[in-house]
Every structure is written in C-alpha cells, then in structure tokens.
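As they're listed, the protein sequences go chains A and B.
The first sequence: position 73 = 73 (this note's numbering), numbered continuously.
The second sequence: position 69 = 69 (this note's numbering), numbered continuously.
Hints were generated in silico from the structure; no laboratory data involved.
Even glycine gets a Cβ: it sits at the ideal position worked out from N, Cα and C.
Please note: incorrect hints may appear among the correct ones.
[What the hints assert, rightly or not] Chain A stretches covered by chain B per the calculated footprint, using a threshold of three residues with CB under 8 Å from any CB of chain B:
no. : stretch
1   : 38 to 45
2   : 93 to 102
[As the list claims (entries may be wrong)] List time: in silico EDC-like cross-link candidates among lysine to aspartate or glutamate, alpha-carbon distance up to 16 Å:
no. : chain 1 : residue 1 : chain 2 : residue 2
3   : A       : K78       : A       : D57
4   : A       : K68       : A       : E83
5   : B       : K108      : B       : D85
6   : A       : K78       : A       : D98
7   : A       : K78       : A       : E11
8   : B       : K105      : A       : E44
9   : B       : K49       : A       : D98
10  : B       : K49       : A       : E99
11  : A       : K78       : A       : E14
[Unchecked claim] Non-contacting residues of chain B with respect to chain A, defined by C-beta distances greater than 10 Å in every case (computed):
no. : residue
12  : G16
13  : L20
14  : Q42
15  : L46
16  : P79
17  : S94
18  : L101
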Amino acid sequence: DAGVIQSPRHEVTEMGQEVTLRCKPISGHNSLFWYRQTMMRGLELLIYFNNNVPIDDSGMPEDRFSAKMPNASFSTLKIQPSEPRDSAVYFCASSQGDEQYFGPGTRLTVT
Amino acid sequence: AQSVTQLGSHVSVSEGALVLLRCNYSSSVPPYLFWYVQYPNQGLQLLLKYTSAATLVKGINGFEAEFKKSETSFHLTKPSAHMSDAAEYFCASSGAGSYQLTFGKGTKLSVIP
Numbered sequence: 001d002a003g004v005i006q007s008p009r010h011e012v013t014e015m016g017q018e019v020t021l022r023c024k025p026i027s028g029h030n031s032l033f034w035y036r037q038t039m040m041r042g043l044e045l046l047i048y049f050n051n052n053v054p055i056d057d058s059g060m061p062e063d064r065f066s067a068k069m070p071n072a073s074f075s076t077l078k079i080q081p082s083e084p085r086d087s088a089v090y091f092c093a094s095s096q097g098d099e100q101y102f103g104p105g106t107r108l109t110v111t
Numbered sequence: 001a002q003s004v005t006q007l008g009s010h011v012s013v014s015e016g017a018l019v020l021l022r023c024n025y026s027s028s029v030p031p032y033l034f035w036y037v038q039y040p041n042q043g044l045q046l047l048l049k050y051t052s053a054a055t056l057v058k059g060i061n062g063f064e065a066e067f068k069k070s071e072t073s074f075h076l077t078k079p080s081a082h083m084s085d086a087a088e089y090f091c092a093s094s095g096a097g098s099y100q101l102t103f104g105k106g107t108k109l110s111v112i113p
C-alpha cells in the first residue's frame with residue numbers, strides 16, 4: 001500500500017490567494033482527518049470525516065477554511081483567502097479502527 | 001477533557017544509552033495511548049499503542065512503553081539509543097472507541113555520537 005498521499009508537498013503563495021491541499025487516504029479506511037502543525041500550537045485537529053461525511057469540524061479556524069470529501073478516495077482542504085498566519089504543515093490521516101496513518105504533509109507558506 | 005503532557009521538549013542521549021521519554025495523561029477513564037515518531041520533513045508514524053490489554057507494550061525499532069494507571073503515565077523507553085532514533089516523538093491519547101486523538105507537545109530526541 002502506498003500509504004496516505006498528499007499533494008503538493010510544498011506550497012508557497014501570496015496572501016489573499018486561494019490554496020487547495022489534496023489527500024488520498026489508504027484504500028479501505030473509512031475515517032479521514034486533517035491536522036495542522038505549528039511550532040506555537042503543536043498538532044491541531046481541523047476536521048474529521050467518517051464515511052465521507054464531516055462529523056466534527058470544530059477545529060476549523062474560521063470560514064476561510066473549508067474541507068470536502070466527495071468520495072472515499074479523495075479529500076481537499078481549501079483556504080480562501082489565505083493569510084500569513086495560515087503558514088504551517090498540514091497533515092492528512094486516515095484510519096480503520098483506532099490507529100491513524102499520517103501522510104507526509106503539505107508545508108504551506110503564505111507570504 | 002483529556003490532556004497529554006510530555007515532560008521535556010528536548011532530550012539528548014549518547015549513542016548506546018537508555019532512552020526515556022516521559023508522558024503523563026489525564027483522563028477520567030483509562031484511555032487508549034499512543035506514541036508516534038516524526039522524522040524531519042515526514043509525517044507521523046505509529047511506534048506503539050496501548051488499548052487496555054497488556055500494560056507493557058512493545059513497538060517498532062526496539063521501543064516499548066508501560067502503562068501505569070497509578071501514575072497516569074505511559075513513558076517510552078529504549079535500552080540503547082541509535083543515531084537513527086533522532087526524531088520528534090509525540091504521545092497521544094484517545095477515549096476508548098473515540099476518533100479524537102489528543103497530542104502532547106512533542107519531545108525532540110537528539111542522539112550524540
């Protein structure tokens with residue numbers, strides 16, 4: 001299995017631009033998570049999907065952030081408009097049970 | 001609400017020495033507990049997990065952890081550090097059957113040759 005796949009691995013954008021991060025979970029996993037990692041705040045859960053349905057989005061910072069999971073093999077996290085304080089590493093993770101498997105992350109830099 | 005505390009944001013050990021990374025949890029009921037490792041520019045990889053079976057849990061790369069309810073601890077150990085163990089280690093907890101992982105702040109392990 002290829003594991004959780006995320007793209008792009010690095011993204012540099014200017015403030016105000018739209019950013020879309022992509023994730024392909026492990027086949028057969030029914031849960032998908034988006035996390036954000038920063039030095040100041042550590043790892044934060046942004047949103048959790050189960051069977052493609054958003055269950056908990058209480059961690060989404062504000063309306064500029066949105067996430068979708070149109071099918072079991074694909075999810076996106078969109079930031080529009082982006083701000084410098086959104087600079088972080090964004091991880092996608094998937095699970096089937098109590099173990100979460102993390103992707104390599106997308107390092108986002110907003111200038 | 002659950003919380004996880006990792007004592008020491010940075011730990012340095014000599015190659016071949018014992019590795020001890022500390023984790024304490026707070027939970028009203030015995031949680032599930034996990035240790036993850038993150039190598040530079042990579043995602044988190046599960047080292048081991050405790051899910052209310054044996055209190056001494058063995059993981060990958062020679063690591064193990066012991067669940068001690070009386071001390072609300074789940075410290076990670078390895079008898080002999082290797083250079084390749086240099087990474088950041090995260091302790092996490094969840095309620096039994098819950099999807100929500102609560103992470104500690106992480107401990108960065110340096111191994112000195």
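Evaluated hints:
no.	hint	in the structure
1	38 to 45	holds (count 3)
2	93 to 102	holds (count 7)
3	A/K78 <-> A/D57	holds, 13 Å
4	A/K68 <-> A/E83	violated, 20 Å
5	B/K108 <-> B/D85	holds, 10 Å
6	A/K78 <-> A/D98	violated, 27 Å
7	A/K78 <-> A/E11	holds, 13 Å
8	B/K105 <-> A/E44	holds, 10 Å
9	B/K49 <-> A/D98	holds, 9 Å
10	B/K49 <-> A/E99	holds, 8 Å
11	A/K78 <-> A/E14	holds, 15 Å
12	G16	holds, 30 Å
13	L20	holds, 21 Å
14	Q42	violated, 6 Å
15	L46	violated, 6 Å
16	P79	holds, 25 Å
17	S94	violated, 7 Å
18	L101	violated, 6 Å
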